[in-house]
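Novice: Heads up: the sequence shown is residues 45 to 313, going by this note's numbering.
Just so you know, the hints here were simulated from the structure itself, not pulled from any lab data.
Be a bit skeptical, because a hint or two may be false.
[As the list claims (entries may be wrong)] Here are the computed distance ranges between Cβ atoms for each label pair:
no., residue 1, residue 2, range
1, Ala139, Ala101, 38 to 48 angstroms
2, Val230, Ala142, 34 to 44 angstroms
3, Ala52, Asp270, 52 to 62 angstroms
4, Arg307, Arg108, 41 to 51 angstroms
5, Arg307, Asp270, 22 to 32 angstroms
Just so it is clear, the structure is predicted and the values come from calculations on it, not from any experiment.
In this text, a Cβ means the ideal position worked out from N, Cα and C, and glycines have one as well.
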Amino acid sequence: MSAGPRLALPWRVLVVSVGAVLVWLLVGALLDGDYDRPTHEARAILTTVLVVPLVVAARRLLDRRPWTGLGLPSLRTGWRRLLLGMACWLIPAAAGFALCLGFGWVEIRLRTSAAHALGVAALLVVLVFLYEALPEELVFRGYLQRNLATRLPAWQAVLGQSVLFTLFGFLVGAATSPDRLLLFFVFALLLGGFRVATGDIWAGIGFHVAFQAVAQLFGDVSAVFDVTGSGVLGLVALGAIPFTFGRAAVQRLHRDRLSWQAREPEPTG
């Protein structure tokens, strides 16, 4: 697609940000009520079905630029970074779990069979990918961060999309308390750094999937584990340790590419 006249950057950012909020609000309104697995599955599928065309249309009609600029190459190209992102959360998180259990800060008891727990975990990976990781990364670290990075240094683009992601979390009702708002902001900074370091959003998707799937698996929703000391588990094993070491690992592995002052040129063909 050749370059041509297009909507100004602030308007493009506003349209896609508002569109994302409306998608999540619409999905929530259509599939409201108490949690159950079929509803979770329907929300996940519908969210991806709505968000991907939104970003495709925005890239084609508002940006008038090719899809390649959004940092989502095919899985054939991106699977290694997807697994890297997952490993960068799972390995330090495992150390965090061991630390919490070893010092007696946390107690975990399996409510069901191991086979059932594995089945729930596998399903959660798919649902998190469709409901949170793919659509959120595509909108915020893909579309919005990329557009901001054509005009701003990388660190400012990361900061900008982090503010937008936190506002999104507040508006859709996922981040209404100070601790949740802080989590959204820090998480977006981390994933934005992954985008800068690797050049695409696959590592961020992998990290996002691992974090959300495990957090939900050990939360109340899955009904698989009884956890005593869930606050400590969330802070130490799910958050502080994997966030810190995961970020360091990705940036060290891609340190030759990482530049916080760089801007990303727009492809025109």
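Novice: Taking each numbered hint in turn, which are not upheld by the structure, reported in ascending numerical order?
Specialist: 2, 4, 5
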